[in-house]
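Student: Below, each chain spelled out in residue letters.
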Amino acid sequence: MVPSDEDLCARIAERDAQAFDLIVERHQARAYRLACSILGNEADARDVSQEAFIRLYEAAHSFDRRARFSTWFYRILVNLCIDHQRRNRWWRKFVPLTGPDDDPDAPQIDPPSSDPGPLDEALRRQSVERLNGALGRLSPHQRTAILLQVQQGFTSKEIAAVLNCSDNTARVHLHRAIIQLRKVLKDE
Amino acid sequence: MWSSHPEIAFAPYLRGELDAEETRHLRAHLESCARCREGLTAAEAVMHELARRVERLPEPDWTAYQAQLRRKLNARRDAARVSRWRPEWAWASLATAAVATAAMVLMFTLGGGPRPPGVDQLEVEAGLADADIGLLRDYPVVEHLDLLENYDVIENLDQLTPPGPPHVESRPS
Numbered sequence: 001m002v003p004s005d006e007d008l009c010a011r012i013a014e015r016d017a018q019a020f021d022l023i024v025e026r027h028q029a030r031a032y033r034l035a036c037s038i039l040g041n042e043a044d045a046r047d048v049s050q051e052a053f054i055r056l057y058e059a060a061h062s063f064d065r066r067a068r069f070s071t072w073f074y075r076i077l078v079n080l081c082i083d084h085q086r087r088n089r090w091w092r093k094f095v096p097l098t099g100p101d102d103d104p105d106a107p108q109i110d111p112p113s114s115d116p117g118p119l120d121e122a123l124r125r126q127s128v129e130r131l132n133g134a135l136g137r138l139s140p141h142q143r144t145a146i147l148l149q150v151q152q153g154f155t156s157k158e159i160a161a162v163l164n165c166s167d168n169t170a171r172v173h174l175h176r177a178i179i180q181l182r183k184v185l186k187d188e
Numbered sequence: 189m190w191s192s193h194p195e196i197a198f199a200p201y202l203r204g205e206l207d208a209e210e211t212r213h214l215r216a217h218l219e220s221c222a223r224c225r226e227g228l229t230a231a232e233a234v235m236h237e238l239a240r241r242v243e244r245l246p247e248p249d250w251t252a253y254q255a256q257l258r259r260k261l262n263a264r265r266d267a268a269r270v271s272r273w274r275p276e277w278a279w280a281s282l283a284t285a286a287v288a289t290a291a292m293v294l295m296f297t298l299g300g301g302p303r304p305p306g307v308d309q310l311e312v313e314a315g316l317a318d319a320d321i322g323l324l325r326d327y328p329v330v331e332h333l334d335l336l337e338n339y340d341v342i343e344n345l346d347q348l349t350p351p352g353p354p355h356v357e358s359r360p361s
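Residue numbers (our numbering), protein chains in the order written: chain S, 1 to 188; chain L, 189 to 361.
Simulated from the structure, these hints should not be mistaken for laboratory data.
Even glycine gets a Cβ: it sits at the ideal position worked out from N, Cα and C.
Some hints could be false.
[To be verified] Which stretches of chain S does chain L cover? Using the computed rule of at least three CB atoms under 8 Å from a CB of chain L, they are:
#, stretch
1, 27 to 38
2, 52 to 60
3, 77 to 87
4, 165 to 172
5, 175 to 185
[Unchecked claim] Computed far set for chain S versus chain L, every beta-carbon distance over 10 Å:
#, residue
6, Ala10
7, Pro118
8, Gly153
9, Thr155
10, Lys157
11, Ala161
Generate the whole structure from the sequences, applying the supplied hints.
Tutor: Next comes the structure, spelled out in structure tokens:
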């Protein structure tokens with residue numbers, strides 16, 4: 001029987017290294033993608049998502065099993081992303097975003113298909129840049145709300161729990177994000 | 189339910205989150221509102237496009253990612269262990285040493301401490317008393333010390349009768 005995230009979290013609280021590895025494997029891709037979408041930077045996304053897993057390890061004992069693990073964990077991740085953006089906002093204006101090639105610690109990027117050609121790679125990069133550009137125009141809460149829904153499949157209630165706001169406010173964030181993205185995508 | 193155009197319900201509606209009453213209400217509104225019908229179609233297109241682009245985001249080498257995470261976690265645990273010791277253990281050690289020193293100072297200043305051997309006045313006095321008692325054991329000699337002052341007696345000691353049964357003095361008739 002496959003253990004639930006909540007069961008794994010309880011085992012992590014007892015310092016079960018195997019449970020920690022398992023939960024990282026389960027959530028690493030989604031956590032990384034969400035961080036990458038919010039932050040718009042692969043190196044930062046790697047660092048922040050790893051930091052979220054470390055916080056999960058440290059705070060596993062405080063997880064209330066009545067809540068959903070994913071809501072709890074992505075709240076940690078989203079808060080870290082928003083804090084990271086706030087801290088780095090001022091120097092990002094002067095220092096250009098670095099790509100994975102500039103970072104010696106960056107793991108190699110896996111291609112999306114088995115054998116991508118240079119054209120595919122260029123189109124993929126362009127698509128990612130446009131997405132980052134469009135998302136960059138949203139407020140942190142709007143961006144997080146729409147990404148949680150599209151990427152993670154979160155409901156409005158779950159988004160509200162992550163953002164620590166009411167269900168109705170989460171719906172307003174979603175609506176405003178859609179309006180903004182609609183304008184940007186129409187201009188492309 | 190909704191005062192005007194129910195636009196904030198589009199995303200939850202597309203994901204099937206609305207309850208039966210909300211869904212019925214929204215559908216009734218859409219039938220009569222071209223603007224909201226267009227808005228709903230646009231919202232669906234935006235969400236679909238966003239999902240497509242997000243799926244194309246690059247992914248790191250997960251083995252390297254996990255190895256790096258493990259290194260960071262170990263480093264954090266080591267740092268936490270050291271930082272835990274410093275403020276608590278160091279201060280506790282200092283406090284214990286200070287209390288022990290204060291207790292020793294109090295013991296000596298209040299006279300509760302041990303005395304060095306050989307200077308106990310009571311022992312000296314007891315020894316002297318013992319010596320006096322030894323002298324008193326020879327009390328008869330002491331009692332008759334004044335005899336020694338009578339030189340004649342000393343001069344004629346050889347004429348004294350040796351010790352024997354009690355001597356009964358007889359008066360000359």
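Student: Which numbered hints are broken by the structure, listed smallest first?
Tutor: Hints 3, 8, 9 and 10 are the ones this structure does not satisfy, whereas the remaining hints hold.
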